[in-house]
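Colleague: Residue numbers (the numbering used here), protein chains in the order written: chain A, 1 to 92; chain B, 1 to 149.
It should be emphasised that the hints constitute simulated quantities derived from the structure, not laboratory data. The structure presented is a predicted model; accordingly, all values stated were derived computationally and were not measured. All C-beta atoms in this analysis are idealised placements derived from N, C-alpha and C, irrespective of residue type, glycine included. It cannot be assumed that every hint is accurate.
What the hints assert, rightly or not - As a list, the in silico PhoX-like pairs of lysine-lysine whose alpha-carbon atoms are at most 25 Å apart:
1) B:Lys139 <-> B:Lys15
2) B:Lys139 <-> B:Lys16
3) A:Lys77 <-> B:Lys87
4) B:Lys49 <-> B:Lys87
5) B:Lys87 <-> B:Lys107
6) B:Lys51 <-> A:Lys77
7) B:Lys51 <-> B:Lys87
8) B:Lys107 <-> B:Lys96
9) A:Lys77 <-> B:Lys49
Claimed, not checked - Away from chain B, derived, C-beta distances all over 12 Å, residues of chain A:
10) Arg57
11) Leu88
12) Phe91
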Amino acid sequence: MMCPPSILRVRIQNRRRRFGLWLPLFLIWPVIMVLGLVLLPLLLICAVFLWPFGWGRLLLFGGPVIFSLLCALRGLKVEVNQSSGQVLVSFQ
Amino acid sequence: MTDNQRRILEMLAEKKISVEEAERLLSLTGRPTSGEAGAFETPQVPKPKPKYLRVVVTPPETEHGSEAGTGIVNVRVPLTLIRAGLKLRAFIPPDKVDQVNEALRNKGLDFDVRNIRDEDLEQLIESLSDLEVDVSDEKGAKAVRVYVE
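Isolated chain B (complex conformation) (with noise of 0.2 Å):
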C-alpha cells in the first residue's frame, strides 16, 4: 500500500472525504477498483510533473455555456513561483531568523523557516499532483475547483 493510498484511507475513516470521492481518488493512484477486479494491470506511466496551481469559481448558471476553466475566478499559478519565492527565505539576516519564526508561531504556523529543505518543496509539490478540491452546489454543480495540472 503507498503512502498516498493509506491517506486516503485515513481520511475516509476521519469522513473527511465521501466513500465515492476515495473510491476515486484511490482509482487515481493506480489501485483497481472492486468493478475491475480481475482486469489486466495497465503499465504505470509515470505522471507528468505538476506545473500550475489552478483556483476555478464558476456561477452556478452558466450563460451560453461556457468553456472548460472560465467561470467568475480563474487563477493559475505557476508551482515554480513556489520554488523560487522560497528561495527569499537565504536573505533573511541570521538574527532575525527567530523574530521571524515567532511571528509565525504566534499565527499558529509551528515550523522553523531554517529547516525548510529544497528537497522537502519537491515532495509537497509532487504531492500536490494528487490533490484536487470540489466545492459543489446545491444543485451539483461544481462551484470552485482548486487542482493541479
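Chain A with its partners taken away, still in its complex shape (with noise of 0.2 Å):
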C-alpha cells in the first residue's frame, strides 16, 4: 500500500548560514485530509459546472494523481556537499 511521506528534511548551508528544517508531514496529512473532505462538495460543483470546458476532470481526477505523486516521493533523496556549503532534501 502507498503512504506519503513521513518526515521531510531540509538542510541548507554556507558559510556563513545555517538553515535546517525537520518537518513531520505525518501531523500534516490528516489536517490536509480533514479540509479536503470540507471542500469536496465544492469540488464536485466547480467539476460539473467547468466539465464542458475542459477543467472538470481535472478537478475530480486531479486530487488521487496528486496523491500517488506525493507517495512517490517517499524515499527522494537529494544531497549536494561542498566545501562551500552544502544542501539536502528527503523525503523519508
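Combine the two chains into a complex, taking the hints into account.
Modeller: If you want it as C-alpha cells, here you go:
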C-alpha cells in the first residue's frame, strides 16, 4: 500500500548561515485530508460546471494523481556537499 | 541469447563499451564467462524490482574515507515517481496534445505522448535494472556513478 512520506528534512548550509528544517509530515496529512473532505462538495460542484470547458476532469481526478505523486516522493533524496556549503532535501 | 545479451554485444561492436565492461555486463545477465566454463549452472534467482535511480558524484580524493554512496552529489530518485509523473499526461487537454508533441519534436523527441502505455513504462523500468554508468577520473577512481538499486 502506498503511503505519503512521513518526514521532510531540509538542510541548507553555507559558510555564513545554516538553515535546517525537520517537518513531521505525518501530522500535516490528516489536516490536509480533513480540509479536502470539507472542500469536496464544492469541488464536485465546480467540476460539474467546468466539465464542458475541459477543467472538470482535472478537478475530479487531480486529487488521486496528486496523492500518488506525493506517495511516490517517499525515498527521494538530493544531497549536494561542497566546501562552500551543502544542501540536503530528503523525504522519508 | 536474450535481448540484454544481444544489446550488450551490439554496444561492444559499436565500441560504446570496452571488452571488460561487456564481460562484466554479460556475467550479470547470467551468461557464464570463458573463465567459468564447466562450472555448475546456478539457478537464476529472480532479480528484485528496481526501486531507486541513484546518481553519485564523488570527489577525486576522498577525505578520511567516505561511506559507500556519499560524495559531492548524492541523488536518489524513487522509480515510482516516474510512474506517478506519467499519469499527469492524462490531464493534457485533447486539443493541446498536438502542441505538446510539436514542442517535443522541436527538442528532438519524436514521439506521441498519446502512445505512451503503462506496459512500455514498466518494461523501461525493468530494463533499467541493468543500467550502470561509471565515469572514472584519470586516476581510475569512480567519479560519477549512475545506477539502479
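Colleague: Against this structure, judge whether each hint is valid.
Modeller: Cross-check of the supplied hints:
Restraint check: the Cα-Cα separation between Lys139 of chain B and Lys15 of chain B comes to about 22 Å, which is no more than 25 Å; the hinted pair holds. With a C-alpha separation of about 21 Å, the suggested pairing of Lys139 of chain B with Lys16 of chain B holds against the 25 Å cut-off. Among the hinted pairs, Lys77 of chain A with Lys87 of chain B is consistent with the structure: their alpha-carbon atoms are about 22 Å apart, no more than 25 Å. The straight-line distance between the Cα atoms of Lys49 of chain B and Lys87 of chain B is roughly 20 Å, inside the 25 Å bound, and the hint therefore holds.
The suggested pairing of Lys87 of chain B with Lys107 of chain B holds, with an alpha-carbon distance near 22 Å, which does not exceed 25 Å. Taken as a hint, the Lys51 of chain B and Lys77 of chain A pair is honoured in the structure, with Cα atoms around 13 Å apart against an allowance of 25 Å. Between Lys51 of chain B and Lys87 of chain B, the direct Cα distance comes to roughly 18 Å. Compliance with the 25 Å bound is thereby established for this hinted pair. Among the hinted pairs, Lys107 of chain B with Lys96 of chain B is consistent with the structure: their alpha-carbon atoms are about 17 Å apart, no more than 25 Å.
Simply put, Lys77 of chain A and Lys49 of chain B have alpha-carbon atoms about 19 Å apart, close enough for the 25 Å limit, and the pair holds. Interface exclusion of Arg57 of chain A from chain B breaks down, the closest Cβ pair being 7 Å apart, not more than 12 Å. Distance check on Leu88 of chain A: its Cβ comes as close as 9 Å (rounded) to a Cβ of chain B, failing to clear the 12 Å threshold; non-interface status is violated. Consistency note on Phe91 of chain A: stated as away from chain B, yet its beta-carbon is not over 12 Å from all of that chain's, at 9 Å minimum.
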